[in-house]
Amino acid sequence: MAGGGTKSHKLVSYAKYGYMFILPFFLVYGFFMIWPFINTVLLSFKGNGSKVNEWVGFQNYSWLLFGDKSGGRFATGKVHHDAFFDGFGTTVILWAGNFIIQIVLSLLLAVWFSDVRIKIKGTGFFKVVMYLPNIIMAASVAAMFLMIFSNTKYGVINSLAINNGWIKDPIPFMSNKWMVRVIVMFIQAWLWFGNTMLLLLSGIFGIDPSIYEAAAIDGSSGSSTFFRITMPILKPIFLYVVVTSLIGGLQMFDIPYLMHTGNDPNDYLNTVATYIYKHFHKFNNFGFSAAASILLFIVTVLLGMIVMRFNTDATAPKKQRKK
Amino acid sequence: MADSYNQSSSAYKRMIMTHSIIRFIVCVLLSVICLLPIIIILMNGTRSSASIIANGFSIVPGNALSDNWAKLTDPDKGPFSAVYNVWLGYRNSLFISLAATGVAVLFSGLTAYGLTVYHFKLRNFATTFILAVLMIPTQVVSAGFLDFMIKIGWVDNYLPLILPAIASPSTVFFMLQYMRSSFPLDIVEAARIDGSGEVRTFVQIALPILKPAFAVQAIFMFVGNWNNYYTPSIILLSNKLEQRTMSMMIQSVVANDKNIDYGVQYLAIGMSVLPVIIIYLILSKFIVKGIALGAVKG
Chain A
1 MAGGGTKSHK LVSYAKYGYM FILPFFLVYG FFMIWPFINT VLLSFKGNGS
51 KVNEWVGFQN YSWLLFGDKS GGRFATGKVH HDAFFDGFGT TVILWAGNFI
101 IQIVLSLLLA VWFSDVRIKI KGTGFFKVVM YLPNIIMAAS VAAMFLMIFS
151 NTKYGVINSL AINNGWIKDP IPFMSNKWMV RVIVMFIQAW LWFGNTMLLL
201 LSGIFGIDPS IYEAAAIDGS SGSSTFFRIT MPILKPIFLY VVVTSLIGGL
251 QMFDIPYLMH TGNDPNDYLN TVATYIYKHF HKFNNFGFSA AASILLFIVT
301 VLLGMIVMRF NTDATAPKKQ RKK
Chain B
1001 MADSYNQSSS AYKRMIMTHS IIRFIVCVLL SVICLLPIII ILMNGTRSSA
1051 SIIANGFSIV PGNALSDNWA KLTDPDKGPF SAVYNVWLGY RNSLFISLAA
1101 TGVAVLFSGL TAYGLTVYHF KLRNFATTFI LAVLMIPTQV VSAGFLDFMI
1151 KIGWVDNYLP LILPAIASPS TVFFMLQYMR SSFPLDIVEA ARIDGSGEVR
1201 TFVQIALPIL KPAFAVQAIF MFVGNWNNYY TPSIILLSNK LEQRTMSMMI
1251 QSVVANDKNI DYGVQYLAIG MSVLPVIIIY LILSKFIVKG IALGAVKG
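Sequence lines, in order, name chains A and B. The opening position of the first sequence corresponds to residue 1 in our numbering, with each subsequent residue numbered one higher. The opening position of the second sequence corresponds to residue 1001 in our numbering, with each subsequent residue numbered one higher.
None of these hints come from the bench; they were simulated from the model. Each hint should be verified, as a subset may be incorrect.
Stated by the list, open to error - Okay, derived cross-link-like pairs now, DSSO-like style, lysine-lysine, Cα gap no bigger than 27 Å in a straight line:
(1) B:Lys1285 x A:Lys119
(2) A:Lys16 x B:Lys1151
(3) B:Lys1077 x A:Lys153
(4) A:Lys278 x B:Lys1289
(5) A:Lys153 x B:Lys1151
(6) B:Lys1258 x A:Lys278
(7) A:Lys282 x B:Lys1151
(8) A:Lys278 x A:Lys78
(9) B:Lys1151 x A:Lys46
(10) A:Lys121 x B:Lys1013
(11) A:Lys235 x B:Lys1211
(12) B:Lys1151 x A:Lys278
(13) A:Lys282 x B:Lys1013
(14) A:Lys69 x A:Lys278
(15) A:Lys121 x B:Lys1285
(16) A:Lys177 x B:Lys1258
(17) B:Lys1289 x B:Lys1211
(18) A:Lys153 x A:Lys168
(19) B:Lys1077 x B:Lys1211
Claimed, not checked - If you want the footprint, here are the derived chain B segments under chain A, 3+ residues with CB under 8 Å:
(20) 1010-1022
(21) 1034-1040
(22) 1114-1123
(23) 1138-1147
(24) 1157-1169
(25) 1269-1277
By construction, the Cβ of each residue, glycine as well, lies at the ideal position given by its N, Cα and C atoms.
Put together the whole structure using the sequences plus the hints.
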């Protein structure tokens, strides 16, 4: 890298330009990320609603994590504790369901599209179409599927099924806990499988084709080539995809929050992010919201550290390949 | 011998053919699943509410487009123009997205250039810092962010939607990787010998070389900002129509369950996806390649 440059790079006189060039980034990052982060930490130790300036210590955290032991079933602490853990559970369920569909599809397609023996016609077209959902705005996607899976008999699916005599009464997609969750999983997978497929595909194309030739000459079958060659080499990219998707999934907000008509979000789709959003945006409960944010942040950092570890593993063979 | 060879070879060919056809069919099915919801939305936007109530599923256009359009845009004919204005939506979303994309690629290029070309004490620390914060999502700071913006009076203002883009760690990371693989440092040296100042070298020599990386990142930044619902809905607290982004308008059209007019609602949603789809199809080859590029480098 730059370290291999000539000595004149190290002349002190140029260092100030380095600081000058990176200064805007760090000023803006400090103003819009670091200070808001510190502010969030401060808010998490303060009260809620009108008591936003009162210092409450770890109360928000202890209520979120352990509930309010003194107050019985309807105590504020208990309500928030339940909502928070419920949100966490829902987030993980929604993420896992979507990810299973997504990863199976995108792995399969990536392997197919990179297969040199069995060519598929129109690969370029398929890639373009499969990535298409990813560029549509979440608000429109949610609105689209709300119209398609509407509870009323005028929704696209219900009207199709009723007109063909498959069912008599409209299916209440949106008010059934599991149906609405499965729909959200489907939407998330629909949005992201093209993107994941292209990421995996670029990983597969990075594999030296001569390895495959050698395997074919040695009589390796399609499945053993996949499990013994493609997967081990793809492992770093694969893990990267899993963990970045999980981190992204933990912040899942748009689709679960927007999947509703009327003014109130669907209760079966409360995620951690919608909990945070609702409490600082609608109910003015900055304390709970901030404490939940910090807890989410801690989980994200732990996962991020795993990514960093795999990331350094992943770059080592990559650099060799370039030479 | 030759016979059996021919036989096995034709069996092999047949196997290849069958597999290829099966895979083709699966791909066609998946493409249909990707396209169908969008097609239904666009088609239903051209149909009258009455015909949608009779049959919600259609993949051919109807004849009520101009009618729906009038109801969507004319305050005398429908309630929708109070919450949804397609031109204002485009204008606001376009303005925010273009401005954010512009500052993001420019300043990310500047930052990556500074970290690659110059040697200074904090260089490694700065690089590590940017890599470390790559994964931190804006959601976890948003409570503190909104509180801060309220205190300095920046709510209902586009500045907090545009300025944070100056510090986009993922764009910087991408630029860093790109510069390391395809930016010759000697060229900076040569420019210095020729008497070019540092800023001029960046503008006239580095920027043209970095153009491909800029283009890829610009597209993703633009799409990300255009589609963003979260930040605008936090910052634009008063939810004034003339300030709303397209995402926020769509949300209000759907949230409105008192004045239901299916055709008009479908048209409103369709108008929000159509321009992006058209631009995507024009640039698709480039975008699909860009994702792969980003992945290999990052």
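Do the hints match the structure? See the list:
At roughly 19 Å between alpha-carbon atoms, Lys1285 of chain B and Lys119 of chain A fall within 27 Å of each other, so this suggested pair holds. Between the alpha carbons of Lys16 of chain A and Lys1151 of chain B the distance comes to roughly 34 Å, so the proposed pair goes past 27 Å and is violated. Our distance criterion of 27 Å between C-alpha atoms is met by Lys1077 of chain B and Lys153 of chain A, whose separation comes to about 26 Å. Among the hinted pairs, Lys278 of chain A with Lys1289 of chain B is inconsistent with the structure: their alpha-carbon atoms are about 38 Å apart, more than 27 Å.
Simply put, Lys153 of chain A and Lys1151 of chain B have alpha-carbon atoms about 48 Å apart, too far for the 27 Å limit, and the pair is violated. As the CA atoms of Lys1258 of chain B and Lys278 of chain A are separated by approximately 23 Å, the hinted pair is consistent with the 27 Å bound. This hinted pair checks out: Lys282 of chain A and Lys1151 of chain B have alpha carbons roughly 17 Å apart, not beyond 27 Å. With a CA separation close to 17 Å, the supplied pair Lys278 of chain A and Lys78 of chain A stays within the 27 Å bound.
For the hint linking Lys1151 of chain B to Lys46 of chain A, the alpha-carbon distance of about 16 Å falls within 27 Å, and the restraint holds. For the hint linking Lys121 of chain A to Lys1013 of chain B, the alpha-carbon distance of about 16 Å falls within 27 Å, and the restraint holds. Distance check on the hinted pair: Lys235 of chain A and Lys1211 of chain B sit about 32 Å apart at the alpha-carbon level, beyond 27 Å; violated. A C-alpha spacing of about 20 Å is found between Lys1151 of chain B and Lys278 of chain A, which places the hinted pair at or below 27 Å, so the restraint holds.
For a cut-off of 27 Å, the pair hint linking Lys282 of chain A to Lys1013 of chain B is broken: about 64 Å separates their Cα positions. A hinted pair counts as satisfied when its Cα atoms are at most 27 Å apart, and Lys69 of chain A with Lys278 of chain A qualifies at roughly 24 Å. About 16 Å separates the Cα atoms of Lys121 of chain A and Lys1285 of chain B, which keeps this hinted pair within 27 Å; it holds. Among the hinted pairs, Lys177 of chain A with Lys1258 of chain B is consistent with the structure: their alpha-carbon atoms are about 24 Å apart, no more than 27 Å.
Of the supplied pair hints, the one linking Lys1289 of chain B and Lys1211 of chain B holds, its CA atoms being roughly 15 Å apart against a limit of 27 Å. Taking the CA atoms of Lys153 of chain A and Lys168 of chain A, the gap is about 10 Å. The hint holds against a cut of 27 Å. The hinted pair formed by Lys1077 of chain B and Lys1211 of chain B fails the criterion: a straight-line CA distance of about 48 Å is larger than 27 Å. Residues of the segment 1010-1022 of chain B lying with their CB closer than 8 Å to a CB of chain A number 3, which satisfies the three-residue condition for coverage.
Counting residues of the segment 1034-1040 of chain B whose CB lies closer than 8 Å to any CB of chain A gives 5, which reaches the minimum of 3, so the coverage claim holds. A stretch counts as covered by a chain when three or more of its residues have a beta carbon under 8 Å from one of that chain; for the segment 1114-1123 of chain B and chain A the count is 10, and the coverage holds. Under a criterion of three residues with beta carbons nearer than 8 Å to beta carbons of chain A, the stated coverage of the segment 1138-1147 of chain B is upheld, 10 such residues being counted. Counting residues of the segment 1157-1169 of chain B whose beta-carbon sits less than 8 Å from any beta-carbon of chain A gives 6, enough to reach three: the coverage restraint holds.
Residue count for the segment 1269-1277 of chain B with a Cβ under 8 Å from a Cβ of chain A: 5. That meets the three needed, and the coverage hint holds.
Figure legend: structure checked against the earlier numbered hints; hints not met, in rising order: 2, 4, 5, 11, 13, 19.
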